[in-house]
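S.K.: Chain by chain, the residues:
Number of protein chains: 2
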Amino acid sequence: MAREILFNAFAMNCVGHQSPGLWRHPDDRTTDYTSLAYWADLARLLERGKFDALFLADVLGAYDVYGGTPDAALRGGVQVPVNDPMMLVSAMALVTDHLGFGVTANLSYEPPYVFARRLSTLDHLTKGRIGWNIVTGYLDSAARGMGESRQRGHDDRYDVADEFLAVVYKLWQESWDDDAVAADKARGVYADPALVHRVTHRGAHYDVDAIHLAEPSPQRTPVLFQAGSSSKGRDFAARHAECVFVSGPSAKVIAPRVAAIRAAALPYGRGREAIKIFSMMTVIIGVTEAEAQTKLVAQRALASPEGGLVLMSGWTGVDFSQFDLDDEVRHVENDAGRTAMDNITRADPGRTWTVREVAQHVALGGIGPLIVGTPSQVADALEAWVDETDVDGFNLAFTIMPGSFADIVDYLVPELQRRGRYKRAYREGSLRHKLFQDGPRLKVPHPAVRRDKIGIKQEQDAETVTA
Amino acid sequence: MAREILFNAFAMNCVGHQSPGLWRHPDDRTTDYTSLAYWADLARLLERGKFDALFLADVLGAYDVYGGTPDAALRGGVQVPVNDPMMLVSAMALVTDHLGFGVTANLSYEPPYVFARRLSTLDHLTKGRIGWNIVTGYLDSAARGMGESRQRGHDDRYDVADEFLAVVYKLWQESWDDDAVAADKARGVYADPALVHRVTHRGAHYDVDAIHLAEPSPQRTPVLFQAGSSSKGRDFAARHAECVFVSGPSAKVIAPRVAAIRAAALPYGRGREAIKIFSMMTVIIGVTEAEAQTKLVAQRALASPEGGLVLMSGWTGVDFSQFDLDDEVRHVENDAGRTAMDNITRADPGRTWTVREVAQHVALGGIGPLIVGTPSQVADALEAWVDETDVDGFNLAFTIMPGSFADIVDYLVPELQRRGRYKRAYREGSLRHKLFQDGPRLKVPHPAVRRDKIGIKQEQDAETVTA
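Those protein sequence lines, which keep their order, are chains A and B.
Residue numbers are given in this note's numbering: position 229 of the first sequence equals residue 229, and the series is strictly consecutive.
Residue numbers are given in this note's numbering: position 199 of the second sequence equals residue 199, and the series is strictly consecutive.
In case anyone wonders, no lab produced these hints; they're calculated from the structure.
None of the values given here were measured: they were computed from a predicted structure.
Treat the hints loosely; a few may be bogus.
[Claimed, not checked] Simulated restraints on C-beta separations:
no. : chain 1 : residue 1 : chain 2 : residue 2 : range
1   : B       : Ala182    : A       : Gly68     : 37 to 45 Å
2   : A       : Val297    : B       : Ala183    : 53 to 61 Å
3   : A       : Asp179    : B       : Gln360    : 30 to 38 Å
4   : A       : Asp159    : B       : Ala183    : 41 to 49 Å
5   : A       : Asp159    : B       : Glu428    : 22 to 30 Å
[What the hints assert, rightly or not] Short derived list, chain B residues pointing at chain A, Cβ under 8 Å:
no. : residue
6   : Arg44
7   : Leu45
8   : Arg48
9   : Leu94
10  : Tyr113
11  : Arg300
12  : Ala301
13  : Ser304
14  : Tyr411
[Stated by the list, open to error] No more than 20 Å apart at the CA atoms, straight line, and that leaves these computed lysine to any residue pairs for SDA-like:
no. : chain 1 : residue 1 : chain 2 : residue 2
15  : B       : Lys185    : A       : Pro267
16  : B       : Lys185    : A       : Ala298
17  : B       : Lys185    : A       : Thr31
18  : B       : Lys185    : A       : Asp438
19  : B       : Lys185    : A       : Arg300
20  : A       : Lys185    : B       : Asp41
21  : A       : Lys185    : B       : Tyr426
22  : A       : Lys276    : A       : Asp159
Cβ atoms here follow ideal geometry from the backbone N, Cα and C, with glycine treated the same way.
With the rest of the complex left out, here is chain A:
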């Protein structure tokens, strides 16, 4: 039987997200992003639709590649201003029981000792529903906020990331044994000190000599998400990521990337079921084709091409303000730029794209593809995409909030349920349980888990070890 398709909702703690200009749409509520009621409503909606998780993107800088200033981003409300995503989680967790929460955190600017406690706290408060999108950053503007003239080189960032993970893994997995907390009122023993271990780490980038401050949370290590698409990024994902985001313009383009990620994970002992892959996707749904097209026309009229280029400039490092809108898009020479551009243009290699067309595309859902149609048509397209690419599900961007997700919940989810391609009820347990039918803890051969360490008892029946 065909696998159930997983759904992440993709959003950000800002006006809009990947649909610049659409905050002007009469049905859009994203200008309420500073309100807790807005986020609580979204969480309830997504749980009603049995979404696996709400995924919160983040940047720590303004998009200022376009024109060399943040002016266009500010004017258009293009992911700036942008608030801290982690501060939203506990309110949304309070009004839901099952929805997972993926939070993006840039490890370049967080001390691992403090960061590990923050994530442990969220894993406790959500009862094991937290995921972390491991990001190393791509905006020089963020580095300047931290007193550096620019961010580290791309490959260096992954070396720092490897060491950062080594530290937080030790804090999460090895500092407190499973049975360290007795909470024994009769004996007056809260924790057994012999079962709490100091983590010592002396490395190139980080030094730690302390116990983890948080007792073991349901998942210990949050579910690890990653989106790297470079070769270094892919190897990083192959070793660490439990969920990987991919983005591409067609199933044909995505399929070999998915295969490459799965192949890269195999030498680390991580088979087909070890990594869930989510494809970026935007859908506009109407009960009839005509209604869907009417929505598309209305949204396209408000989508901001300049906003699209602000985003593309940030993602690629290429200042698109220097081109005429009618210019043909040329090849972009740097890694990030090539990837972002390929994601749009490779769907049809024969076609020529103008800057305007790229801008319009990005302004409705970012670099992922856009599917417009009836619930049945969209379900057909998603099923085919999954079957052709071997992805596990979708990271669904919105164009209108909450309208895009409400349409998915009210129309697309029931259609997929009828087809046996979407869960009819949440599984019990942690986010890791829900995604992998196994949990709540990581197991060998994931590098977070070292079988030679005491305290990780549930892992000791596992087969292989990698460090």
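Guided by the hints, dock chain B onto chain A, whose structure is given.
M.R.: Structure of chain B alone, referenced to chain A:
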């Protein structure tokens, strides 16, 4: 007419707080501290009692001065494990409308650019109900978690704190003008880039060159709390703090400290109304005297003297495990130690204290005084304390959670209301409004506000400027 008395509830994201051992009490729920329902219930209770704020303490290390290891702290659940307090705020804000939230954050381990956004986010989400307890840290164990062999010297820490504040003030107050956000759907302008300013700071400890990522929140700068009692700490408070915590064993000891803080603030143009002073206090209330005494006996039987010494050792830097419980307490030579000890012993300078007596005292509410009695007796004591010391209110520690606060809400608050010494309704507006009847923004002569900067329009009618 006598002033209304302000109430802060003092708690921490851990088992117990300042009543080690009492997590064993049958009515205590603090072992549920990892649950959101626990915190939501507490917030609702405090709002029912019209508390001004819930104040969350924090430490970033384990108490390991006692015996030179964290073993006793772990065994007794003495403020370790301890989770991140900021992660609790949005859930509690969702279920309340008026309660303020004071969060402790150690600036030594937070980059100001990231920290400023985090607090702005909380100020947005709470609609202006956030306060920040500025802490520079006192535990070497926290420094070791960050890869330093020990924390900075005491005075150095205040120099770093001054620079940290200079940076976050610029980000909060000066980066976005009041009218920068247009959110104008017709013109398609979210923010006016001409009214958003890059903050540049080059200092001894911090460099920043970036716009603040968050648009102006209701209060811009959170309400600033501080608890420094050293001379450097007092000067810091005199310049920056809007709320100051003091702790002492008697009104006689507290009164000159309060006068000294108010006197120190005057040269900075900050008069009697600029700083609210909260006195640490623990109360055990019974409907009858007998009931109060019964509660006291039951609680004292479960309070852990060793836990009290673990806390005292951490606060003073003196390892109390080296003494016999019957030893007389001698003079402590360092600043922090002298202050903590004075807070206990100076109530009655003639009296000799043994280590055991100190331990028992600290184990029921920390170094603040303990008042036990009927609602009327406790109200008498608090009124007298306020009138003799010129403090504005109390930072109320609990011994039993939620019992201590439930008794205050159900018995003490109505008694004080009858006497005209406690609000019958919350004031509308931000936490700053509620505390100062003025707000939501800071005004000159507070050093966060510079009248020569554009954009802080509501300040321009003020009288004096200090920078």
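S.K.: Work down the list of hints and note, for each, if the structure agrees.
M.R.: Now for the hints, and whether the structure bears them out:
no.: 1; hint: B/Ala182 to A/Gly68: 37 to 45 Å; result: violated, 23 Å
no.: 2; hint: A/Val297 to B/Ala183: 53 to 61 Å; result: violated, 24 Å
no.: 3; hint: A/Asp179 to B/Gln360: 30 to 38 Å; result: holds, 32 Å
no.: 4; hint: A/Asp159 to B/Ala183: 41 to 49 Å; result: holds, 42 Å
no.: 5; hint: A/Asp159 to B/Glu428: 22 to 30 Å; result: violated, 53 Å
no.: 6; hint: Arg44; result: violated, 12 Å
no.: 7; hint: Leu45; result: violated, 16 Å
no.: 8; hint: Arg48; result: violated, 18 Å
no.: 9; hint: Leu94; result: holds, 4 Å
no.: 10; hint: Tyr113; result: holds, 4 Å
no.: 11; hint: Arg300; result: violated, 15 Å
no.: 12; hint: Ala301; result: violated, 12 Å
no.: 13; hint: Ser304; result: holds, 7 Å
no.: 14; hint: Tyr411; result: violated, 27 Å
no.: 15; hint: B/Lys185 to A/Pro267; result: violated, 53 Å
no.: 16; hint: B/Lys185 to A/Ala298; result: holds, 15 Å
no.: 17; hint: B/Lys185 to A/Thr31; result: holds, 10 Å
no.: 18; hint: B/Lys185 to A/Asp438; result: violated, 47 Å
no.: 19; hint: B/Lys185 to A/Arg300; result: holds, 15 Å
no.: 20; hint: A/Lys185 to B/Asp41; result: violated, 23 Å
no.: 21; hint: A/Lys185 to B/Tyr426; result: violated, 39 Å
no.: 22; hint: A/Lys276 to A/Asp159; result: violated, 24 Å
The structure is inconsistent with the numbered hints 1, 2, 5, 6, 7, 8, 11, 12, 14, 15, 18, 20, 21 and 22, although it conforms to all the rest.
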